[in-house]
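Chains as they are written, first to last, in the working numbering: chain S, 438 to 727; chain A, 577 to 813.
By construction, these hints were calculated from the structure, which means they are not laboratory data.
No experiment lies behind these values; they were computed from the predicted model shown.
A few of these clues could be false.
Within a straight-line C-alpha distance of at most 25 Å, the following computed DMTMM-like cross-link-like pairs (lysine to aspartate or glutamate) qualify [said to hold, decoys possible]:
id	chain 1	residue 1	chain 2	residue 2
1	S	K721	A	E672
2	S	K721	A	D673
3	A	K641	S	D611
4	A	K685	A	E672
5	S	K721	A	E717
6	A	K594	S	D611
7	A	K799	A	D781
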Amino acid sequence: MEAFIQQLVAGLATGGIYAALALSLVMIYQSTHLINFAQGEMAMFSTYVGWQLLQYGLSYWSAFLLAILISFVAGMTIQRVILRPVERAPILTNVIVFIGLLVIFNAVAGWIWEHTVKAFPSPFPADAWYATSYFSAHNIGSVAVTLLMLLALFAFFRFTPMGLAMRAAAQNPDSARLVGIRVSWMLALGWGLAAAIGAVAGMMIAPVVFLDPNMMAGILLYGFAAALLGGIDNPWGAVIGGFIVGVVENLLGAYVIGTELKLTVALILIVGILTVKPAGLFGKHLVTRV
Amino acid sequence: MSRLLEVSKLDASYGATKVLFDIAFSLEEGGITAILGANGAGKTTTLRALCQVCRTSGSIRFGGKELVGMATEDVVRLGIAHVPDGRGTFTGVSVEDNLRLGAYVRRDKRGVAEDIERMYERFPRLRERRHQQAGTLSGGEQQMLAISRALMLRPRLLLLDEPSFGLAPLIVAEIFEIMRRINTEDRVSMLLVEQNASLALDLADNAYLLETGRVVISGTSEKIKNDETVRKAYLGF
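Working from the sequences, and respecting the hints, build out all of it.
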């Protein structure tokens, strides 16, 4: 029983990371109806930036916050410089740009920081007071950080005029322009936020999976599965989907299929959801009133 | 009365398709002007051209400023509010958030709160539904919301695209009565696009008749109402 609960909690901890990544996918999907395939590699790159800042001697939390800030600005810049020119282009053009970004980030990270696996520290000491025999300090800490971030995002979208404008721009861009919202900048802001969320996810998972340029490939797949499970257009669904995928993956890995086949769970989930219930658990079925 | 809007030699196109040809019209401050015409005559495009939503050339002068080439978001900041074709409701957010979005470019928080209150006084139905998702409103309520949202800008000019579309006659009469009151009480100038010509001519001072992207007849509402050819072709009596 004790082992079961441990697996459950470990599942929730990684589930939080999947939730964060799924949320960053949903954020861009909602306003553009596109899946950013480079989201995982952007998160990986952000994590490297955090690692580099730590090497420069910054304390953990200042490196953490600075890496988030840099990612935010970089995310906005990528949208402005690379994606804005293809804003009106066909979907396939955008997909190719995303794949290009994926390859570039992967290659540049390997070029700057080499392909050797690096350890990434956890800010939560193993003997902290909140660590118990059931949950390690890092598990508890990363769940707490993820939840705090989700809460902050919720407050931003729910209670600030800027958040409202972003939601309006995503829902009805034409009408948003007619009330004076600069829709194109709202898209850039969405990219910035998605990159920042990815940075948090990356730095929280890096102590578990270690730092290397391919660290996010598998995690992004879980993120996709989470976003699809919750409904790709529903941020709440993405978060819940993330936790479900984390727990299911961990329990199946521990008791049924073994750790080697864990990634298959994500793939089976993706294919299964798309065939059985494409809208996901909480997604909207598209119904238009005419 | 001073001239608020002066349009001359206006062409507009969607991609390669030209829709408006050499349009010219003007609008007096405080007045209501109607644009009439059949389906596909270019009425909606004329409004969209004013807001720079479609590609235009020619000249649109609003309060002394040239609008051609400006971004839509900046046209709004000059005080032009647009109730678009299909009402443009933000269906996923609450009624009250829709009103807040209408005032997005304003910075006076107190004034915005007061204006929301005024909209609720004018349309008590919106107050009842203030926390409801706007997409769940009926067609008439959404039209009221669209007009209120536009007024939240405190516009100098209100562009209205078919406010009677898809609504029951009783509700149409109510909405037109409110538009008349908005014009006289708030001194908001209006440019009204309508298929229902007799309704529009009752409200407006002046009217322009469009046919396949060109102005064919213009004048006071009285004159157009009594014009034999217009009556036969467009008013149906």
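Structure-based check of all given hints:
no.	hint	in the structure
1	S:K721 x A:E672	holds, 23 Å
2	S:K721 x A:D673	holds, 21 Å
3	A:K641 x S:D611	holds, 23 Å
4	A:K685 x A:E672	holds, 14 Å
5	S:K721 x A:E717	holds, 24 Å
6	A:K594 x S:D611	holds, 21 Å
7	A:K799 x A:D781	holds, 10 Å
Of the numbered hints given earlier, the model fails none.
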